[in-house]
Every structure is written in structure tokens, then in C-alpha cells.
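Protein chains in written order, with the numbering used here: chain A, 1 to 340; chain B, 1 to 340; chain C, 1 to 340; chain D, 1 to 340.
I should point out that these hints are in silico values taken from the structure, not numbers from a laboratory.
Treat the hints with caution; some may be incorrect.
Note: identical chains are not told apart, hence a pair may lie in one copy or across any two.
[Claimed, not checked] No more than 35 angstroms apart at the CA atoms, straight line, and that leaves these computed lysine-lysine pairs for DSBU-like:
no.	residue 1	residue 2
1	Lys305	Lys6
2	Lys47	Lys153
3	Lys156	Lys68
4	Lys146	Lys68
5	Lys149	Lys47
6	Lys15	Lys260
7	Lys156	Lys6
8	Lys325	Lys15
9	Lys153	Lys214
10	Lys305	Lys47
These are the residues of each chain, in order.
Protein chains: 4
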Amino acid sequence: MIIVLKSGTTARDEKAVLTEIRRLGYKPHVMRGVERIVIGAIGDERKNPSLDTLRAWPQVESVTPIQKRHKLVSREANPASSTVLVGDVEIGGKEIVVMAGPCSVESETQLLTTAESVAKAGARILRGGAYKPRTSPYEFQGLGEKGLKLLSKARKRTGLKIVTELLSEEHVDLVAEHADILQIGARNAQNFQLLIAAARTGKAILLKRGLSMKIDEWLLAGEYILANGNRNVLFCERGIRTFETYTRNTLDLGAIPIIKNESHLPVVIDPSQGGGRADLVAAFCRGAVAMGVDSLIIEVHPNPKEAWSDGAQQLDLEGFAGLMKDLRPLAQAVGRTLHG
Amino acid sequence: MIIVLKSGTTARDEKAVLTEIRRLGYKPHVMRGVERIVIGAIGDERKNPSLDTLRAWPQVESVTPIQKRHKLVSREANPASSTVLVGDVEIGGKEIVVMAGPCSVESETQLLTTAESVAKAGARILRGGAYKPRTSPYEFQGLGEKGLKLLSKARKRTGLKIVTELLSEEHVDLVAEHADILQIGARNAQNFQLLIAAARTGKAILLKRGLSMKIDEWLLAGEYILANGNRNVLFCERGIRTFETYTRNTLDLGAIPIIKNESHLPVVIDPSQGGGRADLVAAFCRGAVAMGVDSLIIEVHPNPKEAWSDGAQQLDLEGFAGLMKDLRPLAQAVGRTLHG
Amino acid sequence: MIIVLKSGTTARDEKAVLTEIRRLGYKPHVMRGVERIVIGAIGDERKNPSLDTLRAWPQVESVTPIQKRHKLVSREANPASSTVLVGDVEIGGKEIVVMAGPCSVESETQLLTTAESVAKAGARILRGGAYKPRTSPYEFQGLGEKGLKLLSKARKRTGLKIVTELLSEEHVDLVAEHADILQIGARNAQNFQLLIAAARTGKAILLKRGLSMKIDEWLLAGEYILANGNRNVLFCERGIRTFETYTRNTLDLGAIPIIKNESHLPVVIDPSQGGGRADLVAAFCRGAVAMGVDSLIIEVHPNPKEAWSDGAQQLDLEGFAGLMKDLRPLAQAVGRTLHG
Amino acid sequence: MIIVLKSGTTARDEKAVLTEIRRLGYKPHVMRGVERIVIGAIGDERKNPSLDTLRAWPQVESVTPIQKRHKLVSREANPASSTVLVGDVEIGGKEIVVMAGPCSVESETQLLTTAESVAKAGARILRGGAYKPRTSPYEFQGLGEKGLKLLSKARKRTGLKIVTELLSEEHVDLVAEHADILQIGARNAQNFQLLIAAARTGKAILLKRGLSMKIDEWLLAGEYILANGNRNVLFCERGIRTFETYTRNTLDLGAIPIIKNESHLPVVIDPSQGGGRADLVAAFCRGAVAMGVDSLIIEVHPNPKEAWSDGAQQLDLEGFAGLMKDLRPLAQAVGRTLHG
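Isolated chain A, as found in the complex (with noise of 0.2 angstroms):
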């Protein structure tokens, strides 16, 4: 830690800092600069107590970290990039995995469809929820159980694995019965009992990035699946919130180097809930694709006029087909592959 006394801090007062600062387990190394005095403490910040209660105190200005605070997720641990192996998809890899399916779970015959059809243009995973976070108390909330098991005959039936959000601890057992990937929606992203719990079931998680999360937030969010076992975590990507109304997100697709760079865990993007528009959701994909995605979750409806939720982002059936076949030569020229 860096802390910064505030100029024409007394002697007494600097003193009083070091003492403290021994206190709590580090040892207090004193630059005076030009107009204040900065002090380094040493030690191990994720050992000893946070220094941050300095913050409180009258003559410190400021008080600055310098380890990061996220440490089985980042790549400075962890130099080798890790894939999340869900059966027998690797996620991380070479390919390029997608995962594709309606918004929401409506029926048996929307859910085969969608699957069969997907399944066919290339994609590996079925995405489909049966439990839906609404706005409004007065909107579909989803078909719950009903939904899963759908989602179970659909895997039966194609192959393909299942992600499904789990928005409640009470469902963890449920939910992880019938899915593959348990996804971890945006609003519920620094719930952290809920992390905890699905942490525990030990299937992979798909972990969104909430609405407003700094990208160490984020991490750290990451880090308490890891810290309570569970190595199977995959950061999503899906719009944050900004001044902007022409979308309802904005996709950051930075995220994915930034992701890359700090964390040895694969990165996912959303391009549908990215701009909430499916006129975007090609020129997303082929930034993600570019920008070197490990995998991509796109909502695909058969009939996306009328869907249950939604529906202005979900690409019909043709649209996925013809966007999979596109998609592939620009893999190629980044070295990745697309299944099918």
C-alpha cells in the first residue's frame, strides 16, 4: 500500500501513521517528497489486514494498493490459459464455441426447433431460459421447471449442452440437474450467495459482467467461484450501461484483450443483450471473432416476431444459419476454427 499524508502534517501525526501502520502487520518505509510525505508499506496486503482504515484517519490524504486484489483468476498467477471443459466441448481452445437458443424457453416445439436448427448451422451449446429476471413483476418470468426439462429432452434429443441462469439459491440443485453451463445474469453479478452456491455444484459458470462492473470487480467476482473450488468459470461479456439510448447496452468489446490479459480464463461475448438490437448482432460477432472470443451466446428464436421476450434482439433461424457460414472464413484468418 501507498499512503500519502497531507501536506503540513505534523511530526507527531506522521508518527502516529507509522505506529499504526506496524500495528497491522506491515513495516513502513518514508519517502518525504517536495510537498508531502508518502509512505510504502511492506507486506502482504492479501495476509495482513487491509490498510484502508488509514483512509479514516485526518492527516492521510490518500491510500493506494498495489497488489491486486483477484489471485486464482489472474494470469499473473496463472501464466497458461485455462479451458473449461463442458463434457466433451472445450471452451478456450482452438474453436471458437457457440452457444445459441431462444430468450426464453416457450415450448417443446419452439425449443426442438431452435436446437435442431442450431445444432445444424454449427453451434455447441443450447442456451434457453427457463427462469427469467424481468423489469417489472408484471412481465414472463419463465416457465421454470417446465423449462428445464425441456431443455433436458432438447440436449437428449441434439446433443448439444445446456446454459441456463440460475437466479436464486433455492433453484441451485434444480437448475444443476438439467444444465450443463449454470449462467450467472448481469443483475445478479456481485449477488455473492448466489455465486457461492453455484460455485459449489461444481458445473462450469457462466459469469456476465453486471450492468456498471468495473473490470476488477469483475475478477474479483470471478475469484469467489474460484475461492470456493470451482475452476470452471467463463467471463461474459454483454453490454454495460452508459449515457448512450441509441442501444441498450454498450458492447465493450474491449473486454476481451483486457480479459485475456489479466485472467488465464476464456471470454465470452453477448452480442444480443450487447446492443439489444439483432441488426448488431452480426457486426459484433465478427468484431468478437477478430478480437479473439473464445465463444460466442447468441439468441435465435424461431420466430422472433413473436417471442415472449426480447424479440427485437433474437436472429430467426436462417439469420444464425447464414451468420455461422460467415463467421467461419474470418476465423480462419485468426486461426480458430468453428465447428460444423
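Assemble chains B, C and D onto chain A, guided by the hints.
Quick look at chains B, C and D alone, frame taken from chain A:
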């Protein structure tokens, strides 16, 4: 709903939209403008299926709702202001009710010392975190049940009511046993399952605004609570996330008159989280009182320099007593009172 | 400056950094931490070349300045509060100085009616835009010189001082001839050439905060004015841009205590731009007064319903007079006065 | 325009609104909904006075424009894509035109070395700042006219076209004498007087997006240029301001397909300013190329470690040459070319 068609839409494509609007239970009303066709869809947007799906139609440029989506929390439906009763303490009346106490419950001495001191200074409700949502898994996570028991003890000793954070559905019964007001934190403001579980206890709910939550979304989160049979909601502004880095958050005091306009329910300000700096707390309280706040929730610690969490934003006991004294004439100037 | 080296930096790479630090005129001070080497560079950051270039070195993780970059505007360098004199009107003293008038100057009748009315209600300074920066080229751009002449006429008639916006270096002499205070609008807050030109007139400058300007950047924009020989700067908060869409901007009332902490110069609040809604103006004024504002700038129009710009945020003459009456007891409660 | 009346509006108040709508040149069209009255005002919103004033009426809940405010820049009015010719270099065609060069012009050697090297690597246009807008008045402000002359010399030597920033109306003639493209920086993106002055030179204008500029406002800033007789506008995304602190800005690559949807004019990406980090430049370029960008503007310096400004975001000469080589197969995969 207002549906705008893209310029150059054919008669056939227009007709298809009209047919769909009727199919969903609305009566379409066509206006031909200079460049575009605008369709008003007449019908109850809360009873009929949403027309949002029209956004997925290629000939549709935009779909704009006219009705507000919140109803039970809205002042339009409930013109008279509501108060929330917590035992004999009324929030939303002439008295500005002050909640005060430490960020985290740390020990019996720390809590009882604080409780007695803030009670004497005029606080009516004791705050204190037993379960703490922390950005990093390596930070202090709260004393849990032990903390709750200390809160109950403090209530017995001082007569103060208790507000404490609920952060897991699994803790609902336990927390409700000890608390008079359940706090839903900013990171869980759209954890709808938790909102529903909290609502069902019948306890008053202090609903913090999420870090990047629009007013409309905040009202709808409150609507989840009322729609689940609990009218005792307190809307608590605690700072939103912006680009500014001088303070941890940007306290949006404008939320006071806005919530008062839009809802009949009381408004609370958290000046401690609001800026994350003890030196701004007094100014934020003064502003809030002048702008019509119903309650303040203030972090107070016997020794902020040694607090286990967020020391930099907590007042000490004397600081709090002085603040209460300073606020009295201001409350009086705007026709309100402070206890004590 | 504090320079943190990446973990695993070699002795040779460390030495190269130390050499560079010395070359740029600083004395390096090395601290060896648990995982990283931290180097304090001792020297005057405002006199020596910046060490920012070290950010480009591959072995450097971060470079953090210790000294604040602003000096002439800072309270650290000037502990006593400054006032700005505009003729016989002192801003920053016990009186809270009210500036009022229409968004745009539209006609002699409109302006003089407003001026006489606001003067009677207690305003000391007349505002009115002659040059208007409009988002679209097809919107009303202001009366220009004709508007300036009407402002001069209104001053002569009422004795009110004049504040009006300067938006081009080409207009500096003309605007300075008619205005007592030059307003720099939010969109020009980092138009440094305009700041310098304005500074050189010697007139008081009302410097609005940019739409997404950090406090630090705002202070540095003010520093441009002082560094060009003009100490008469008023920092005016007028709402920042956030994700919220209920209001046009989010008024950051926290800027009042923050600017008071960091600078010796007066703070002004613009409650009209702040929310873009007339129905929020009174609450914002009450908050600002309670939080220690030195001046308010309020949009007032004889008939807001027919205003040529921004009608929705302007008070009518009676509304303004009523507001002034309401603010008086509040000002008194915080030890301040209002004229009239 | 769509005008929504508040619920409970009286017949008399409704009639007053209808009268006003007619007075302003529109034909009102009333729809009676379940809870509210909605009025469509038929007429050309760009020819008639704005109905925005209705926002100031107490019975009016909202006023929503239907027509887009931009016209000359819009694709709706100009379905075919436009190209901008800079001498013999065409921007917006099949070739992705690369602009490269130092952040600031520092010396003849620095500039000519860079120019020759980037030309060889495939750049067509040389960038370099002669006038620099700097946050602090104490930072290097650029070489001014001397810098412009060096740019002219570099053009003569290499045949590269020149793009450089214009930041004052007073410099228009001088900068236009030396530059082929005038850059309007992010901080001046709504400095409308500067836009008009730049437009009148007839030179191509590279219009950077402001730090917190909505797409709609950016298009309207471009509209200022076209409305002043100059169609040679390049929209350049360079990162927007968000809550994220890992990067200096958040590069919004979504701006590429959005500007392509909304406008007929070319789109440029600035990957250097975009993230403020050299290590992200390559990934941003790859994403931009894949998403359909027309031009890239990249900061390159012979020795970024000693750059006078923004060293951390500049590539060195080899780094740039390597990047160009890497981008070629990607450009080819999306049907585009790179020079050289």
C-alpha cells in the same frame, strides 16, 4: 403504445402491423405524418401482451410505451403520501427519522456503545451489518447470526428499532426474526427472488437504489414488493455510479423530489455510502433535509480509524451528535422535526 | 510520482527505470514489496518533465502522481476563501447572490419585463443568452449582437449586472463590452483557447462544468484562467451526464462541498439546466442553499410556454418570486442572506 | 411529434394544447387511450417551430419527436454510401485507409522518421498534433506553426496526406494551409463555431466523437458541417467516458455499424485514444476491420518511451509495421484491402 413505421413502408407491411396489434388485443389508430406513419395502439398495456415484439419487425422503427409500468408504487394511483410504521416510529410523516450505527457489527461493546450514543443524540433506528456483501472474497464478510443477536440485544437495551441487510433468501427467516426493517443492498436491488422473499415477511423494506439503476427500474423493483403483498417500502438513494472518481459514488439528491413526484412512498438518503467520505456526510444531510427527505441512514462508529469495513465514511460518536444538533434548525426551517 | 514495476522485473530493467527517473530530474527511492518493486520519484512534478512517459515502458505497471496538478485554484495553496467582485456585488461572501433571467434573449419586452421582475424579487444579476450553442443547426441560435445590446439596456434600466455566454473567440471583445460576467458553457469547458481569450478580458468568468468532466479536470480548466492572469473564476455545476433518462442531466450537488474543499473560489449551482425540468428547480435550490452554495443561476421567462428555447426548465415570474421568498428562511438557517 | 397529456387532464386543458399545436403549424390528431390522451401532431418538424415548448405546459406529460433531426448526414435521405476524397486517397471505398503518426509533432527528425516508416508500412495519411489541447495549462501545448510546417515538409517528402487538429477559429487559415484533413477533437465536438469555421475551408473534416456524446448529437454535429456547405465529413470514434477505470476511455466499436446504418458517410476508429494503452491497439484494429471500418488513425512514435505526450498509447515503428502486416489477411477476409 406508439409504433412508428420506417419511412417508405409499403401498404402491405403496414397492414401486417395493424393485424398484429389487433391480435394482441389493442385497437390501432393510424396517423400519417410527413415522412412516417405513426400508429397509436389503444388498450391497457398492463393487461394485454406487450407490443415490444413489434420491435423485431423490419418495418418498425420504434415502439414507445405510454403507460407507466409501475402502478402500486405510483402516486398517480395513490395521490396521498403513505407512511411506513416501524413499531411506533412513523417514516414519511413530519419527523425526519434518523437511522444510525456502524457499517458492520463488530462486537458487543462496539455496537452497544454506538447504540446508546446515537439514541441519545436523536436516532430512532439502529443500523448495523451482520451479513456484508464484499467485493472481494478475502474481505470481512460480517459476523452473521452472532451479529444479528447483538442487534437484538441493542434493541432491548435502547429501544431503538433495527435495520440490517438481507443478502440471501436462505437468511430470510433469521434476519426477519431480529430486524424491524430489512435492507436490500444496491447490488441486490434487482435480485427479484430476494425482493419477493423479503416482501413475504411483511417487514418494512429499505430498498437501496442499484449502482446504475434508472428511476423507472427502481420503482419497478419496489413494485415487486407491493405486488407481493407488502406496502412498507422505503426508497433509499445511496449514490449512483458515474465517471467521477473523486468520490466513490455520486449521490443523486434529485432522487428525493423525483421519488416524491412519482411515488407515494417515503424516501431515505444514505449520505455515508453516497460519497464514501466522512467529510461530505454533513453537507449531504443538510441538502437532503432541505429537499424533503423522510429519513437519513448514517454510518457511525465509536472509532472509525479501526473499523473493520468502510472506516473512511463513518462518523464518530461526537461527530454524529454534532451533526444532529446542526440539522435541527434546518429541519425546522422546512417544517420538519428531528427526534430528541 | 509512484512507479510500480511489474512482478518479475529483472534487475537490469529496474536499473533502466531508475536511470530514466534521474534523467528527468527526480530522485528515485526504491521499496521492495512482497510481489512488486515500488519506486517513489522525489521532485517537483510541476517543474520537472512528467514521468507519464514511463507508462510506455514494458516493465512498468503503473505511474501515479502524488501532487495535485492544480495550484492557483487550490485551497491548499490559498487557504482563505476568495470572493469575486462584480461591480458592487460580491460573490462568495455571506450573501447568496442570485442570477436570473431567460434562457435566450428574445425581445426587448421579454427581457425588460423579466429583468424588472427578477430585480424586484431579489436577483442581483441578469442572465440571458445572446449566442446559443444548439445541438442542431436548425434550432434558434440566438439574437447575437442585438441580444447583447438588449442586455446592456436592461442593465441600465435595472442596475442588474449581466452574465451571458461567450462561445467564440471571435466574439470576445463584443461580449466583454456588454457583459459583467462571461459564461463558458458546458460544451466549451475544455475549449482552452476560449478560456484563455476570456481570461484576458479580466472579466469574471462563470465556468460551467462539462457534461462528463471530472472534478480534477474542472479545476484544471479553472487553472487555465488563473494561469492567464484572471482570478475571478466562478465554478458552476449544471448537471452531469449519466445513464439516468428521467432528467436531462443529473445535478451533482456534491460538487458544492467538494469544490469548497479543493478550491478557494466560489461555487454556483444552475438548477434549471441541472434537471431540465421547472418542477425540480425549487428543490434543487433548497438543497444548494443548505449545502453552502455561493450563488444560484436560475432560468426565468415571462411566459415559459412560448419560450424560444428550453421552455420546460424555465420558471415564470411569479414562480421565481415565490421561490425567492421560500429560500430566505432557509438561507437564514444556514447563516446566509438573500438580497431584497 | 407525439404529445402525451397527464392522466386526468380536463377537456379545457386538452383544448388549449390542440389550439397551440395548430398555432405552431401542425395538425393535431387525438387518440384517447385507457388512462391518457395521446396527440399526434402532423407536420414537418424541421420546417415548423418546435413543439418542445409544450413540455412547459402543466397538463403535458411528455413530448416525443418522430422525425430524426439530422437530414444531410442521414442515410435515409442519401441511401448510397459516400466517399471522401483527400487528393487521390479515397476514404469509404474498398481500401481501409490508414492514418498514422505521432501524437505530437516534436522535431523534424521525429516526424520525418515516422512519416517514412509508416508510409513504407502502408499508411496513406500522416497524423501529428501541432496544437495540442491539454487538460493542464502546465503541459506541453504543441509546436504550433512550426509543427505545421514540419507536417508540410513531411508531405512533400513522402507523399502522405496530412491530418492535424484544429482547436481555434483563429488558426483556421493557417491550419488549412498545411493540412489535407482538419481534425476536430473530442473536447471541441460541440464547439459549433469551430465546426462552422472548419466547414467553410472546404477541407475534409475528421470529426471525433465527444467524450459523452450520444450518436444523435454526433450526427447533428456533422450536420452543422454539411449545412455549412461541406460534405467531406469523417466520423471518428475515439472512446467514450464510462465508469470503467482500467482504460482511459471505453472504445465503442458498435459505433461502426450504427454510423453505417444511420449515415452515408465514412467511419474512422482511433484505437490509440480509444483505450489509452499501446497493448490494446492491435486488438481494437482487428475488431474495427472486421466490423466494417473505413479508416484507422493510429499513434506511432519512433521512441514512445520518450514521447512528449501520451507515450503509453503510441506504437513504435516496428510495432506499426507488424500490425499492418497482421491486418492484411483480416481485411481480405471481409472483402477489403490495405495499401502497400
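| Non-conforming hints, listed in increasing numerical order | 3, 7 and 9
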